Amino acid sequence: MAAIDIPEVLKFIDSTPPFSGLTTAQQKQLLQGVQVTYARQGEKLNLTGDLATLHLIRRGACEIRSAQGALVDRIADGECFGVATVLEENPEGLQIVVLEDSLFYRFKRDGFQQVMQADEDFALFFTHTRTNRLRKLSRSEAADLATPALQLSTPIKQVMTRALVTATPKDTIQAAAATMTEARVSSILVVEDNKLVGIVTDRDLRSRVLAVGLSADVTLAEIMTKDPAYLGEDYLVMQAQTLMSEHNIHHLPIVDSQQAPVGMLTAADLLRHQELSPILLINQLHRQNSIADLVRVCRQFPTLVVNLIATDMPPSDLGKVIAAISDSLTRRLIELAFERFGRPPMPFQFLVFGSQARQDQSLGSDQDNGLMLSRTPTTDEAAYFAQISEFICDGLAQCGIKLCPGNIMATNPKWRLTQEGWKKEFINWVQSSAPSALLQASIFFDIRCVYGAQEPVDEVIVAMQAEVAKNSLFHATLTKSALTSKPPIGFFRNFLLESSGEHKHQMDLKHQGLALINDLARIYGLACKRYKVSTKARLEQASREKLLSSDVARNLMEAWDELNGLRLEAQRRHFQAHGEASAYVDPSELSPLERKHLKATFAIISEGQSAAQQRFARGYA
Amino acid sequence: MVKSMLRALSDWHQHRKQADTDWKNWTYMVLDMETTGLDPKQHQVVSLGWVLVENGAILLDSAQHIVLQGAEIDPETVAIHMITDQDVEELGRNQASVLRYLRQLIKGKVLVAHHAPIELGFLKRLWGTQPMPDLSVQWLDTLALERTKAERKGAIIQEGGFRLGACRERYGLPDYNGHDALTDALATAELLLAQIAHQPTSPTLMELTKAGGGLTRLQSKST
Chain A
1 MAAIDIPEVL KFIDSTPPFS GLTTAQQKQL LQGVQVTYAR QGEKLNLTGD
51 LATLHLIRRG ACEIRSAQGA LVDRIADGEC FGVATVLEEN PEGLQIVVLE
101 DSLFYRFKRD GFQQVMQADE DFALFFTHTR TNRLRKLSRS EAADLATPAL
151 QLSTPIKQVM TRALVTATPK DTIQAAAATM TEARVSSILV VEDNKLVGIV
201 TDRDLRSRVL AVGLSADVTL AEIMTKDPAY LGEDYLVMQA QTLMSEHNIH
251 HLPIVDSQQA PVGMLTAADL LRHQELSPIL LINQLHRQNS IADLVRVCRQ
301 FPTLVVNLIA TDMPPSDLGK VIAAISDSLT RRLIELAFER FGRPPMPFQF
351 LVFGSQARQD QSLGSDQDNG LMLSRTPTTD EAAYFAQISE FICDGLAQCG
401 IKLCPGNIMA TNPKWRLTQE GWKKEFINWV QSSAPSALLQ ASIFFDIRCV
451 YGAQEPVDEV IVAMQAEVAK NSLFHATLTK SALTSKPPIG FFRNFLLESS
501 GEHKHQMDLK HQGLALINDL ARIYGLACKR YKVSTKARLE QASREKLLSS
551 DVARNLMEAW DELNGLRLEA QRRHFQAHGE ASAYVDPSEL SPLERKHLKA
601 TFAIISEGQS AAQQRFARGY A
Chain B
1 MVKSMLRALS DWHQHRKQAD TDWKNWTYMV LDMETTGLDP KQHQVVSLGW
51 VLVENGAILL DSAQHIVLQG AEIDPETVAI HMITDQDVEE LGRNQASVLR
101 YLRQLIKGKV LVAHHAPIEL GFLKRLWGTQ PMPDLSVQWL DTLALERTKA
151 ERKGAIIQEG GFRLGACRER YGLPDYNGHD ALTDALATAE LLLAQIAHQP
201 TSPTLMELTK AGGGLTRLQS KST
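These protein sequence lines map, in sequence, to chains A and B. At position 285 of the first sequence (counting the first as 1) the number is 285 in my numbering, and the numbers step up by one without a gap. At position 110 of the second sequence (counting the first as 1) the number is 110 in my numbering, and the numbers step up by one without a gap.
Be a bit skeptical, because a hint or two may be false.
As the list claims (entries may be wrong) - Pairwise CB distance ranges, derived in the manner of DEER restraints: (1) A:Arg162 <-> B:Ser202: 22 to 28 angstroms; (2) A:Tyr584 <-> B:Gly165: 38 to 44 angstroms; (3) B:Met132 <-> A:Thr127: 34 to 40 angstroms; (4) B:Met206 <-> A:Ser549: 46 to 52 angstroms.
As the list claims (entries may be wrong) - No farther apart than 30 angstroms at their CA atoms in a straight line, the calculated lysine-lysine pairs in the DSSO-like style are these: (5) A:Lys157 <-> B:Lys153; (6) A:Lys11 <-> A:Lys44; (7) B:Lys124 <-> B:Lys221; (8) B:Lys153 <-> A:Lys226; (9) A:Lys108 <-> B:Lys107; (10) A:Lys11 <-> A:Lys596; (11) B:Lys24 <-> A:Lys28; (12) A:Lys424 <-> A:Lys402; (13) B:Lys210 <-> A:Lys195; (14) A:Lys108 <-> A:Lys170.
Rather than coming from a laboratory, the hints here were simulated on the basis of the structure. Computed from a predicted model, the values in this text were never measured in an experiment. Every residue, glycine too, gets a C-beta built ideally from N, C-alpha and C.
With the rest of the complex left out, here is chain A:
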């Protein structure tokens, strides 16, 4: 009997290109001696020895990385790795990082080579795969990452703190606290017979000792977290992060094979590696004294973003980092404006709208902003605010945050209003309910204060929310106008049909995907009692206030992350190739795994739209 006689194996081989194109005899030859293996998430496979042969993923997902750790490709069910080890001797030292638990078919090297020689199409497929990956490799190396910030596949031992601070279970709380203070650490490992038996953190000292009035003479054995979660030093940062978020802990002891502690990994260690460059950039921004200098510093900005994308920072974190940088830049420009034109004659707020307010900007976002003045200005005062607005918006533009094509900027006198003026505008928008007016105004409903006192802005938001609550027609109109854009569900069918024709399909991930989720989140967000501005926070709040089922909310949040991840990756690629960002994606550059996710993502948006339709626009046909 042979592998080919097992129905489930044959069925899979027969439905997976290029294997499906082989004759039964060739399939049989290829399957001779095939082995099935299983690998866990986070495992690293060096393609040497037994592994230096062709592998087919039966189920799972992996990354192909260069010896230096650069990402070459992401692959999943029905895709192969190990091609380079058979065609050549794996000159780039490619290795595999397992992303999801995976089941592999491992083929015999000589059988594969024989079938390659006999079948031209089959051989062509693999040489093409090989060329494709080499192209991707050279592209990712060309990215020239300044410092390879934290990569998920970095081993823990490169990141952890090695200086160990330990105590025994018999030590008193007092003694341990003294040791911790002296060593300036926020946790202490409890060790007995050279084995890790517990951990005590600052938080434990607060909650388990001080809060309950426990004496400082009690031993650590009584208050420590017994048998804490730990990892071996050869595990990867990715696994540490997963474990820490699963257990909701900030301190992870690292042990050797004998379970003796060798180091400590804290959330701060992870952050330090991840956020080194953005923090540096923000510090630099604060020290610049002219627009020209700011422009110079901001030239690093796109490269920084590209680096962060390449290090797999989650999209929502990346959005926050970019927002923090834009906010700092804006505030520095406001200070420079004061130096140039004098102190302001009255307190005011600098407001941002749209993506900067939602904290989901990316490369090439434009600016949307306005001023809120504490009273009606005199002619001179109005001239002052016109001057500083001109200075700030122009400065932002020179630093790479483009002017708003719709003229929603502080330079436009229409958007330099008093608190009463802003309230009136919002009430106007809510009451008019004319779809065209709403479409233009929707961006104002995403509002955040970047400079000045927060309270007056909160008061405007409260007034706006109250008005919204009174007007169900407004909600219906907002919903209907948002639902005129549908996700491109039929896209994939067309893509499959016309991939060989002349029509080059390009998809706009921002307007055909992300914007739709942002619209949905705004509709729900405005119906919530508590105002939130970022898309994910709005969805979460809506689910908490029971306006949206937690399933749909979670799916939409995941879809948003997924689309944002793809958009950022597309921008990174485009930026590296052409020097400017584009949110368009060519589906032929997506892996089957990404395509599969994308398709599911659009279906989720569709589902969210029907839910919104049901809740807010029913009966308003």
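Use these hints to put chain B onto chain A, whose structure you have.
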């Protein structure tokens, strides 16, 4: 007498020492049976399917599927495993020769099955029908391994959650449609690899046996 006891003791000792090494040092024979029912006393084995695991990998070439001669097929179970009286007549192997073959195969290997007591029960029954040497079988049960894991984690598993398909789903293994002995043997072998990969460190055979296995003696027909 003393000599043979001593030899038995030293064999046992040797075995124990070996069982305390990495699981990969052993060859596993993952077995599934199709039977006419669950009770070895009144039901019969229709077919056997198995696949070997060596050096931590499933050898697909080792897969075998054998239909046993003489089994009467209940029309109701035909729907499940698709083996008919006609198949038994045409493909059925002589029970005695199949058992001798099985004995050679199992010897020195670790037998693995999902819910092993059933397979062991039928093996015992089959052994008792033939005059041949007794055989000690070291075995693992993927269902017992799963139950131990759930108990350790304090996880509550719903009714039906220990069925082969449900266990596989928890490890992200693909859904298999067929339920013939061969497909289920392969499915069980993949489940075993996944269960082992999910242990914090590569286990020894002894550790696996403690979590879900044992040693059973198959006694032949007394002569």
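Please flag the earlier hints that this structure goes against, numbers listed from lowest up. 3, 14
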